[in-house]
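Make the full structure from the sequences, and use the hints.
In the UniProt record's numbering, the protein residues as written are 1 to 486.
Treat the hints as calculated values from the structure; they're not laboratory data. Be aware that one or more of the hints could be misleading.
[Said to hold, decoys possible] No more than 20 angstroms apart at the CA atoms, straight line, and that leaves these computed lysine to aspartate or glutamate pairs for DMTMM-like:
(1) Lys218 <-> Glu378
(2) Lys33 <-> Asp67
(3) Lys316 <-> Asp277
(4) Lys79 <-> Glu170
Please read all numbers here as calculations on a predicted model, not as lab measurements.
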Amino acid sequence: MSNHHGREFLGFVATGPSIGLPEFLWTWISSPKPKIKANGEPNEAPYGLRKVEAVLLDKGYNASIIDPSYLNRYADTSKLLLVGHHDFFAYGPPSNEWWLITGREPVNRKSFRRLMESPAVKKMRRRGVKIIAGGPAAWQWLYEVELWKKWGVTSIFDGEAERILPNIIEKALNNEELPFYIYAGSHDSPSIEEIPTIKKASVNGLIEIMRGCPRGCKFCSVTLRPLRYIPLEKIEEEVLVNVRNGVTRGLIHSEDILLYGADGVKPRPDPVLKLHDTVLKHVKSLAWSHASLAAIKYAEEEHKLITKVMEKIREKQDYIGVEVGVETGGYELAKKIMPAKSAPYKPEKWHEVVEDAFRIMHENNIIPAATLIIGLPEETEKDVMETIELIEKLRPYRSLIVPMLFVPMGNLKHGVMFKREMLKDSHIELMFKILDHSIYWSEEIMNHYYLKSRAYDPLKFLLRFFIGYVKRKTDKIRKNLIIAST
1 MSNHHGREFL GFVATGPSIG LPEFLWTWIS SPKPKIKANG EPNEAPYGLR KVEAVLLDKG
61 YNASIIDPSY LNRYADTSKL LLVGHHDFFA YGPPSNEWWL ITGREPVNRK SFRRLMESPA
121 VKKMRRRGVK IIAGGPAAWQ WLYEVELWKK WGVTSIFDGE AERILPNIIE KALNNEELPF
181 YIYAGSHDSP SIEEIPTIKK ASVNGLIEIM RGCPRGCKFC SVTLRPLRYI PLEKIEEEVL
241 VNVRNGVTRG LIHSEDILLY GADGVKPRPD PVLKLHDTVL KHVKSLAWSH ASLAAIKYAE
301 EEHKLITKVM EKIREKQDYI GVEVGVETGG YELAKKIMPA KSAPYKPEKW HEVVEDAFRI
361 MHENNIIPAA TLIIGLPEET EKDVMETIEL IEKLRPYRSL IVPMLFVPMG NLKHGVMFKR
421 EMLKDSHIEL MFKILDHSIY WSEEIMNHYY LKSRAYDPLK FLLRFFIGYV KRKTDKIRKN
481 LIIAST
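Structure below.
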């Protein structure tokens with residue numbers, strides 16, 4: 001549990017093995033311990049856990065989020081243990097990329113194993129305490145059935161929790177038998193009225209502004225959920241919960257910030273501007289979780305909306321960071337698996353949409369961390385080469401690009417997880433292109449934007465060391481590949 005030095009995207013580092021540094025330094029860079037109260041409650045906790053906590057408190061249960069290092073205090077009295085994680089076993093992106101490239105177990109997987117094999121959790125198991133695991137990575141337990149059994153996990157909960165989790169908790173406390181795997185489908189999705197307000201602060205002031213996504217990309221599970229916009233008054237209420245608890249940063253979260261109150265996939269200025277006015281009047285700084293490239297292009301070209309929003313944000317800070325999805329540069333592949341990703345533009349315009357959006361972000365001091373998926377079903381050599389071509393077009397634009405190996409999710413959940421033996425020469429060339437791009441921009445982003453405060457100097461020193469280490473290793477691998485091919 002961490003707030004990543006108040007820099008959410010440093011959390012990406014926590015998904016890898018400790019490379020070139022001792023694990024304790026690696027962990028300090030990515031995941032320093034949060035401030036913890038005397039009773040073991042963290043001052044900031046992951047937003048998903050805060051929602052579950054709020055649901056249970058509203059139902060009258062005595063529920064608390066406890067930092068793992070304090071669990072021993074509750075080992076004798078707890079009746080139920082709920083465990084949430086973004087990436088239990090490092091099968092999610094970019095953990096599986098780190099694992100594939102280095103051949104070493106990522107830190108987040110190791111730390112989760114330490115938790116589940118800790119004396120506190122063992123004691124709870126001996127007492128017969130039921131353990132329910134859930135969160136965005138619930139699906140990963142299906143690939144780790146032996147550990148599921150070994151660690152005595154009673155049930156896995158996959159999906160939105162607000163509507164059906166209280167009933168599961170009631171059954172667990174009454175010692176009734178629970179299903180091994182509980183999937184909350186779209187028919188179980190809560191209405192706006194059923195979604196509670198968080199009671200305590202979330203990590204880095206994260207608050208959701210909408211759920212679901214209208215684009216329907218086949219590899220994404222979020223598109224399986226109905227689209228709901230959180231009302232401004234409810235958003236403001238959660239911002240104030242964070243501020244009252246000392247978290248004065250804001251991080252607005254949805255799959256596409258610019259589609260708040262949109263007309264289908266076309267951003268509307270009024271809802272987006274009102275959203276920013278509502279949040280900015282209470283926080284000292286703001287970040288976005290995700291935005292789509294098509295929405296960025298449309299919003300700016302049709303309404304100058306990016307310029308208008310950034311004028312408001314620049315009154316408090318110089319830039320914002322955001323995660324965006326490139327996913328592939330293959331035209332045919334884009335048509336098959338994400339035909340609405342480019343909407344309202346045609347899939348044939350995907351390269352143009354991506355490059356225009358990157359240019360708009362560059363001009364407006366928006367720094368994207370862009371994801372790209374390697375090994376999507378039906379991917380061809382041509383798709384990979386077109387993706388390399390697209391990455392080359394993005395070189396002039398300030399950004400980081402993060403490769404992800406395909407993981408079966410959403411409508412592609414019956415696909416095959418991409419593994420090391422599936423790598424082709426073109427994939428390796430693509431990964432080198434991505435790494436070159438990110439190393440090229442990392443120094444400027446770190447020094448002039450993300451970590452420019454002198455308070456971050458020790459962190460910058462360690463990150464520079466890590467970047468230098470990665471560059472040397474990459475050059476060595478590249479040289480060995482050239483020698484092997486001659």
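So, going through the hints one by one against the coordinates:
1. Pair hint Lys218 plus Glu378 holds up; C-alpha atoms about 12 angstroms apart against a cutoff of 20 angstroms.
2. Between Lys33 and Asp67 the alpha-carbon distance is near 9 angstroms, which keeps this suggested pair within the 20 angstroms criterion.
3. Proposed proximity of Lys316 and Asp277 is supported: the alpha carbons are some 12 angstroms apart, at most 20 angstroms.
4. Of the supplied pair hints, the one linking Lys79 and Glu170 holds, its CA atoms being roughly 11 angstroms apart against a limit of 20 angstroms.
Of the hints listed earlier, there is not a single one the structure fails to meet.
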